[in-house]
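K.L.:
Construct the complete structure from the given sequences, taking the supplied hints into account.
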Amino acid sequence: MSNYPPETHEGIVTSWAPIASTFPSSKGCETLFWSVVASTLAAWDPGYGLTVDSNVHCVPPAVTSWWNQDRLGVNSLTRVSLGPITCPVGYSTALADVENQSSTFVACCPPDYTFVAIKSMGNTGQCSSVIPANQVITYAARDASSSWHTFTTSYTTASPAWGIQINGYNIAQVTGTTSTSSSTSSSTSSGTGSPSSSPTPPPSSGLSTGAKAGVGVGVALVAIALGALMVFILARRKSRRNAVALPASELDGAYKPKSGYADQVQVYELGNRTDVGMGELDGREAPVEMQSRTPVDVKPPGH
Numbered sequence: 022m023s024n025y026p027p028e029t030h031e032g033i034v035t036s037w038a039p040i041a042s043t044f045p046s047s048k049g050c051e052t053l054f055w056s057v058v059a060s061t062l063a064a065w066d067p068g069y070g071l072t073v074d075s076n077v078h079c080v081p082p083a084v085t086s087w088w089n090q091d092r093l094g095v096n097s098l099t100r101v102s103l104g105p106i107t108c109p110v111g112y113s114t115a116l117a118d119v120e121n122q123s124s125t126f127v128a129c130c131p132p133d134y135t136f137v138a139i140k141s142m143g144n145t146g147q148c149s150s151v152i153p154a155n156q157v158i159t160y161a162a163r164d165a166s167s168s169w170h171t172f173t174t175s176y177t178t179a180s181p182a183w184g185i186q187i188n189g190y191n192i193a194q195v196t197g198t199t200s201t202s203s204s205t206s207s208s209t210s211s212g213t214g215s216p217s218s219s220p221t222p223p224p225s226s227g228l229s230t231g232a233k234a235g236v237g238v239g240v241a242l243v244a245i246a247l248g249a250l251m252v253f254i255l256a257r258r259k260s261r262r263n264a265v266a267l268p269a270s271e272l273d274g275a276y277k278p279k280s281g282y283a284d285q286v287q288v289y290e291l292g293n294r295t296d297v298g299m300g301e302l303d304g305r306e307a308p309v310e311m312q313s314r315t316p317v318d319v320k321p322p323g324h
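So the mapping is simple: my numbering equals the position in the sequence shown, first residue as 1, plus 21.
If you're looking for bench data, these hints aren't it; they were derived computationally from the structure.
Note that the structure is predicted; figures quoted are calculated from it, not measured.
Treat the hints with caution; some may be incorrect.
[Claimed, not checked] Taking CB as the label site, the calculated pair distances span: (1) Val151 <-> Gly49: 16 to 26 Å; (2) Glu31 <-> Thr159: 43 to 53 Å; (3) Ala165 <-> Ser124: 24 to 34 Å; (4) Ser123 <-> Thr61: 29 to 39 Å; (5) Ser167 <-> Thr114: 15 to 25 Å; (6) Val157 <-> Thr72: 17 to 27 Å; (7) Asn24 <-> Ala165: 39 to 49 Å; (8) Arg163 <-> Lys140: 20 to 30 Å; (9) Thr29 <-> Pro153: 21 to 31 Å; (10) Ser149 <-> Phe126: 34 to 44 Å; (11) His30 <-> Asp74: 36 to 46 Å; (12) His30 <-> Asp164: 19 to 29 Å.
Glycine included, C-beta positions come from ideal geometry on N, C-alpha and C.
P.N.:
Written out as structure tokens, the structure reads:
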């Protein structure tokens with residue numbers, strides 16, 4: 022049996038105190054009576070060892086904690102229950118009630134006590150016995166100052182005695198089982214097949230699939246950018262080589278100067294053509310200054 026973890030129901034935390042193994046019967050406990058409530062005798066009470074004689078241990082320690090938990094004070098938020106539970110040696114299993122598929126309520130009565138009805142912890146009345154008439158018994162009780170003392174008495178008629186019950190739960194624990202399957206391949210040799218070991222997976226390259234995809238996309242983008250840059254540079258160089266002076270025959274509306282003017286330079290105006298590109302000056306030759314000459318009086322023809 023394994024211990025149960027705490028449970029919370031409707032705001033109340035239940036802690037489980039296990040009685041996982043049979044507790045040995047304590048000789049003499051059947052005669053250790055005490056009277057906590059007037060006119061009531063009880064035996065096998067764990068409180069006897071707490072208040073009357075600390076050397077007495079008639080029940081497992083877990084039962085002492087369960088039976089006397091009200092002595093811890095008023096506490097409506099926590100409680101102690103017994104479980105898993107095995108009735109101590111000599112105790113009888115008075116009841117084993119299966120409450121649901123996973124929970125069984127177990128009620129135990131002390132030796133030579135008869136089950137009457139289920140009672141909660143701290144309350145007598147579940148397990149009863151009879152003290153014969155005129156039998157001398159010794160019991161513990163409080164005096165006027167609330168100190169415990171032992172007394173001897175006998176009853177003229179048969180009187181009841183109550184044995185302290187032990188009640189708890191056995192809860193089936195759900196254990197998860199995992200199954201593993203491995204695929205095997207078989208090879209046939211001489212008409213018989215024999216299993217072969219599954220292949221060992223190749224070692225990891227260190228990069229995940231997502232990382233590899235990211236690297237590939239980055240390399241592709243860099244390659245495209247370099248290609249576009251090369252195309253731009255080549256196109257620019259080609260446009261410079263093609264930027265040469267067009268012959269006059271290809272220009273629309275060419276202006277022809279009047280004859281007779283010396284050092285006259287022809288000037289052409291471009292028409293509304295869109296198929297002629299503008300060229301830059303060739304930078305291979307440095308500009309040359311005009312030679313200084315004496316002004317010549319040039320007369321127009323006919324003067």
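K.L.:
Take the hints in turn and mark each one as holding or not.
P.N.:
Structure-based check of each hint:
no. : hint                          : result
1   : Val151 <-> Gly49: 16 to 26 Å  : 20 Å, holds
2   : Glu31 <-> Thr159: 43 to 53 Å  : 45 Å, holds
3   : Ala165 <-> Ser124: 24 to 34 Å : 47 Å, violated
4   : Ser123 <-> Thr61: 29 to 39 Å  : 37 Å, holds
5   : Ser167 <-> Thr114: 15 to 25 Å : 37 Å, violated
6   : Val157 <-> Thr72: 17 to 27 Å  : 23 Å, holds
7   : Asn24 <-> Ala165: 39 to 49 Å  : 44 Å, holds
8   : Arg163 <-> Lys140: 20 to 30 Å : 23 Å, holds
9   : Thr29 <-> Pro153: 21 to 31 Å  : 48 Å, violated
10  : Ser149 <-> Phe126: 34 to 44 Å : 20 Å, violated
11  : His30 <-> Asp74: 36 to 46 Å   : 37 Å, holds
12  : His30 <-> Asp164: 19 to 29 Å  : 42 Å, violated
Violated hints, in rising order: 3, 5, 9, 10 and 12; the structure is consistent with all others.
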